[in-house]
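For the record, the sequence lines run as chains A and B.
Counting from 1, position 147 in the first sequence corresponds to residue 562 in our numbering; the numbering is continuous, with no gaps.
Counting from 1, position 220 in the second sequence corresponds to residue 244 in our numbering; the numbering is continuous, with no gaps.
In case anyone wonders, no lab produced these hints; they're calculated from the structure.
Hints are all accurate, no fakes.
Quick list of simulated restraints, FRET-style, between CB atoms:
{"hint": "1", "chain 1": "B", "residue 1": "Ser-179", "chain 2": "A", "residue 2": "Lys-540", "range": "50 to 56 Å"}
{"hint": "2", "chain 1": "B", "residue 1": "Arg-221", "chain 2": "A", "residue 2": "Ser-551", "range": "27 to 33 Å"}
{"hint": "3", "chain 1": "B", "residue 1": "Trp-239", "chain 2": "A", "residue 2": "Glu-482", "range": "24 to 30 Å"}
{"hint": "4", "chain 1": "B", "residue 1": "Trp-239", "chain 2": "A", "residue 2": "Ala-524", "range": "19 to 25 Å"}
{"hint": "5", "chain 1": "B", "residue 1": "Phe-318", "chain 2": "A", "residue 2": "Ala-635", "range": "54 to 60 Å"}
These numbers come from a predicted model, not from an experiment.
Each residue gets a CB set at the ideal place from its N, CA and C atoms; glycine is no exception.
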Amino acid sequence: MSANAARITISGLGKSYGSLNVFRDINLQVGDIEIVSILGPSGCGKTTLLRAIDGLLPYDEGEVRIEGQLVREPLPGVAMVFQHFGLFPWKTVARNVAYGLELARAPKAEIREKVPYFIELVGLKGFEDCYPYELSGGMQQRCGFARALATEPNVLLMDEPFGAIDAQTREILQFELLRIWNMRRTSMVFVTHSIEEAVLMGDRVIILKGRPSTISDVIAIDLPRPRSRETLQSPRFAQLREQVWATLVDDVKRAEFVLNPA
Amino acid sequence: MNALMSHRWSQVLLSIFTGLMIWEIAGWQFNSAFFAPVLGSDTPFANAIAQWIAGLFGKTIAEPHPGTVPKLISMLAAADMREAFWEVAGEQGWIAGVQRAVEASTLLKAVSESIMLFITGLALALLIGLFLGMAMARLPNLRIALEHYILALYSTPMAALIPFILAIFGFEFWPKVLVVFLFALFPILYNTLEGARSLKPEYVEVSKAFRSSEWRLWTDIIIPYTLPFGLTGLRQGIARALVGMVASEILLNPAGIGDVLVSRSQAFDMAGVLAAITIVTVLGATLMASVRGFENRYVKWRNAVR
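Build the full structure now, drawing on both the sequences and the hints.
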């Protein structure tokens, strides 16, 4: 599927909470320059899958390897952006952005140099000394991006990063993220429940279905990069969105039917 | 800024004036040996004020009465402190001079004894309360094991334990420290624990994702997050530690301010009693205000977040 080498290799991955089997038999490779969107109905375990890839949650079957290394705990060179932002309210924007670098034991001079660079990159220049509660939701997530990007990771894991952000800001940030990714293209796994977002961001859209869920479909997104607002207007985008929708909708309908069997 | 400051000062003055008036009026209304107004009526000036206030209630004051403030000044300067200071300061430096002067004043000596006891007990309570509270945040089993006993002891009147402590440990300095410690510990521990329980799992998750060590998890997240709760507990702890301090000094080996309180009240010297109480009050209020100031300065985020 992707022409380049695989950076993340997931084989036969399965995860249970007691008797509840969340997902099983997940096989996926993510290239070293590729964005993979993971899409699925709510409760399908996409977020759990992402945490298992990161090493935050232990998995029961199969394995995850990043750059050949078996994932049992979060590895260096992998950064995560959270739906809940996860900024520390007692740290300023600059100190939040520096957090990952500090933990990676980066030299002070490097931190002094990189923090302002990444703050500017995400468009937060002038807000270095603000506390997160002084920022809007969108700006807080910009700070979350800067914190993840500052460690210059080879793998970016996105856990519904725009899930808690209003629609307009969300659209702006989607293109911001694409712009930033374009400057330094790496592997990205992007979890979302928005079909449009999955299509806009991804080189492939992975659809999780079933209980326990597994990969039901993989849809290649051949939209040219860099993608912009025009991409949203293109007929190909509409076509792909419909294709993803049709693949997903059966399952959603079935779920609705189970809930309201009228 | 200037206008704001003067506004602030006018508020402070109004507050002080109200306090003085309440004290004076209460004292003279029930004019008896048991009440000691602020200024008394020993000097012509103080007498004029006292007679005026008493006049408002249709009374006059027959006997001259020592007031709390003159009493406090006379007690503080009871011995010749200046002489004591210069006696030593020339040869051994001013620190030794101050020490000698404090020893020369009965009240200051009592206050320094009490503060020693208070600080030791409170510091131990703060250290152990914060550490144990935070440790329970990370070790759920420790929390499950201790939680209910902490709550039970928090609601136990600590004064009831004093005879028990007296029987087991005696009545010297360290048993008294134990009393102060027990009075102060539980509000600090309980508030820290409540804070630790409310620590959002997201923060821990983020730190794990960034490969934090356990040590860095404490210094980056658990301590900064829990500290404001501990400080709220500390403010309550200060008030309770003062109660513990006075109670232990009255009920165990009489010493310090507690001793002054007992001996003065036995001599029916209510101005003296109130003078000693004033010192405890000022000490407590100052400490609580400084903790509050520290909170406002360094943990601003908490008010904004919750």
